[in-house]
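Trainee: This is what each chain is made of:
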Amino acid sequence: MSSKHRMRAGRAAGWGALGAAAVALAAGAGCGDRDPFWSQPVNFHTTAFGLDGAVALVDYPADRVVTLVPDAEQRLSVRAFPAGTQILNVAASPDGRQLLVLAAGHRAKLGDPEPDQPPSLTIVQPSAGVAAPVRRIDLRFLTDPLSGLALDPGGRWAVLYAGSAGADSGAFVENPNELVIVDLADPSGAPVAHTLQSFGGRVVRLTFTPELALPGGPRHLLVVETDQDLSLLQLEHPETPEITVPLTAAGDTRRLAPAGITVDDGDPARDDDARIGIRLEGDPGLVMLQLEASATVNGFRPTVNISDAGGVPSDIAFVRTDGGLRLAALVPSQSQAVLVEPETGAVAAVALPAAYRRLSLVTAAAGGGAAGTDVALLWSGDRTTAGAAFWELGRTSGAPYRSVEPLAVAGAIGAVLDVPPPRQSLKVLAAASGDAFYLLDLATRTTSPLLAPSVGSAGLSLSVSPLGDQVLSFVPSQATAATVDLGSAHPRSLLVDRPVSGLFEVARADGGRSLIALHDQGDVGATVFDAETADSSKRRLYAGLLLEEGTP
Amino acid sequence: MTSKVSKVSRVSKRAIKTALSLALVLAWGALGAAAAQAQEVAAPAYWPAPQVQARPDRTDHWQMSVGVRTTLLRDASFDRFSTDDAMAQLSSSVSHVLGSSGRLSLAAGLGVDLGSSGASARAATASLRLDRASLLVEARYRVHARAQAFLRLAPGVIHGSATVVDVNDSAIGSLDQTFVLPSVDGSAGVAFALVPASTVLGVWLIGEGGYGWARDQHLVLSQHLDARDQNKAGTLDFGTLSPRGAFFRLALAVSF
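In order, the protein sequence lines correspond to chains P and X.
Per the working numbering, the very first residue in the first sequence carries number 485; after that it's consecutive.
Per the working numbering, the very first residue in the second sequence carries number 3; after that it's consecutive.
The hints are simulated quantities; they were obtained by calculation from the structure and are not laboratory data.
Treat the hints with caution; some may be incorrect.
If the Cβ cut is set under 7 Å, some of the chain X residues that face chain P in the computed set are [claimed, not checked]:
#1 Asp81
#2 Ala123
#3 Arg124
#4 Leu238
Chain X stretches covered by chain P per the calculated footprint, using a threshold of three residues with CB under 8 Å from any CB of chain P [to be verified]:
#5 85-92
#6 158-169
All C-beta atoms, glycine included, are put in the ideal place defined by N, C-alpha and C.
Turn these sequences into a full structure, and let the hints steer you where they fit.
Mentor: Pasting the structure below:
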């Protein structure tokens, strides 16, 4: 071979090598993109819901809901449901059959590979046998999303409003008085937007009333509390203008805000005596609205009575005494309760043995109601006042109450948990100290203490199984969990290998029940037990649940 | 976790860079040597010319290669294990010419590709190791004294291992699965000699592209627990992995 040929061959080899290197480099670097899902962080903090037959995890960064459905062998079936881009708010329906997910959607700019997606409300129904487990309600008419979500305890309506997300919701300009009412019972019905006539307030809280007998027919009302007034809107007819009741009297320079409301339908035979009681932030005033017949477009109008409780009320409820309906209010600063006569506004004070701050009516379960009078359970709601008491609201010897009967509870009660049927005669009293709880039998008015002295300052997280058979307890971020059978008060500790972030009891399709303890490390794990036995030798551990395939 | 993955990625990239640098240095060196040799021959310094005894061209019977293979795996299940759909492997082979006819020759041999890919997948670290052993059948055509084209068919098996570390400090946070799959590669390439055919040892730069097929594998990862605890472990379903796709290989080979 001549030298010229050799040189040519050498050059050819060099160029060939460079070409091959270029091809290999192109192949090795940046030859494809993966789904952005895998680069999303995991942000899992208490965003788990116990639903009917499943536990649902809200995977915010991945815009989806992941359901965990247990079987008889403690295996978990994982399904993922897309829930719209940028989840703003999530709420479970009271019956646990639906999870409602409000998403802001996405507005694609030029060149944005992610397509446009309008705001939406996604309803996930993971129960077995549901034909369409996901239903999406398009909220296209909302260019800017609303982040507040309130659900009707009856499960019929959902209301969207300007929530607390603020700038995080993606809205540039927000109307704090805008509501969107969604009738969940009407799959074909379009959401209805309604803007409250503004007097300068901002929506703070929404309350759905039960069906009230009102002039013009039975109605469900939406009570909208703003930071300065209160509005009443007919849910069946959201197009009807609402009624707004200012809470500050003319000439008063203060700006009184509602702190809580209570509703009573009154005499079932009358349609003009439904009432709404209102307590005020930092003010001793008690406002009572009676919804009387009127020739206005609503067919009713509120008449306002204001009474002085003698101190700032901490809780209110309509109660039935021997003397008839009263608005009861607890005034912890005076260690007393007051009973307000709704017609006259007359106030009767009742001395209490302690500065109780919270009350709930337990009439039926506590054996009251025979004479048409209520029984209330009083407790403190914080660490300041020890104990709890029953308050009989009958009248004896001229006193506007029969008795206040303290319970044998050593510490302060932080919360009272209801127990669903079949054990609705029980209440779970959570100690404010976080290291004990009590099973209160309303029928016998006895308490069974259950102590967890090793818990320390972390405090127990308590919940009652939706099946009404167990109290579920764990210490957040510790590998400690236990259940207490509500029939026998027998505690059973659960052997878990990772810190627990949630504990749920779920009814299985085979008729059994499973306990699912969630672990929020990594991509979320779970330990599944049979709830009948809580047998640790038959538990099953899962890790990386948010990594599962799981797409429906 | 992220740092671990980026470390894996860095090591992988460094290996590729090193191999390429080595190839280019060798190519440059060989070119330089050839040029120098050409200069020597081109300038006779005295008369009569010396008696030059030319060495006969080398007959290559054996070839051994080492290089980098990059496979594009577009499968969605692979996304957990890679940020760029690419699986880089250290690729080596040895082959022997079984027979030749003119410019055409037929060779057979063995190939081994070793490699893994890792990435952060949500809060976890996921890695997939794929090691392939294959039988090679290769038809070579010498287009030039220093250039060859070839076609290769390589049936073999893949030994795979998928691992996810969900929680680093927990025995139950690590899950894996191993599997064996049949595979077949079909490829074509070119080889350029970096030294003259008259040298004792041939040095080649090989570029190759083709398609590697392997059977689907359903990935169901399980936790690392003692046998007595295995029934307490739930599995992690990653769906079906299809470890097949186009591949490219850049290698250096020696022949003799």
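Trainee: Are the hints correct? Go through all of them and say.
Mentor: To see whether the hints hold, each was checked on the structure:
Look at aspartate 81 (chain X): its Cβ gets to within about 4 Å of chain P, closer than 7 Å, so that hint holds up. The interface hint given for alanine 123 (chain X) holds, since its Cβ lies 5 Å from the closest Cβ of chain P, which is under the 7 Å cut-off. Annotation: arginine 124 (chain X) was flagged as interfacial toward chain P, and the flag holds, the nearest CB pair being 5 Å apart, inside 7 Å. Interface restraint check for leucine 238 (chain X): the shortest CB-CB distance to chain P comes to about 5 Å, inside 7 Å, so the restraint holds.
Only when three residues or more bring their CB closer than 8 Å to a CB of chain P does the claim for the segment 85-92 of chain X stand; here the count is 5, and the claim holds. By the rule of at least three residues with a Cβ nearer than 8 Å to a Cβ of chain P, the coverage given for the segment 158-169 of chain X holds, with 3 such residues.
Going through the hint list in order, the structure satisfies each hint without exception.
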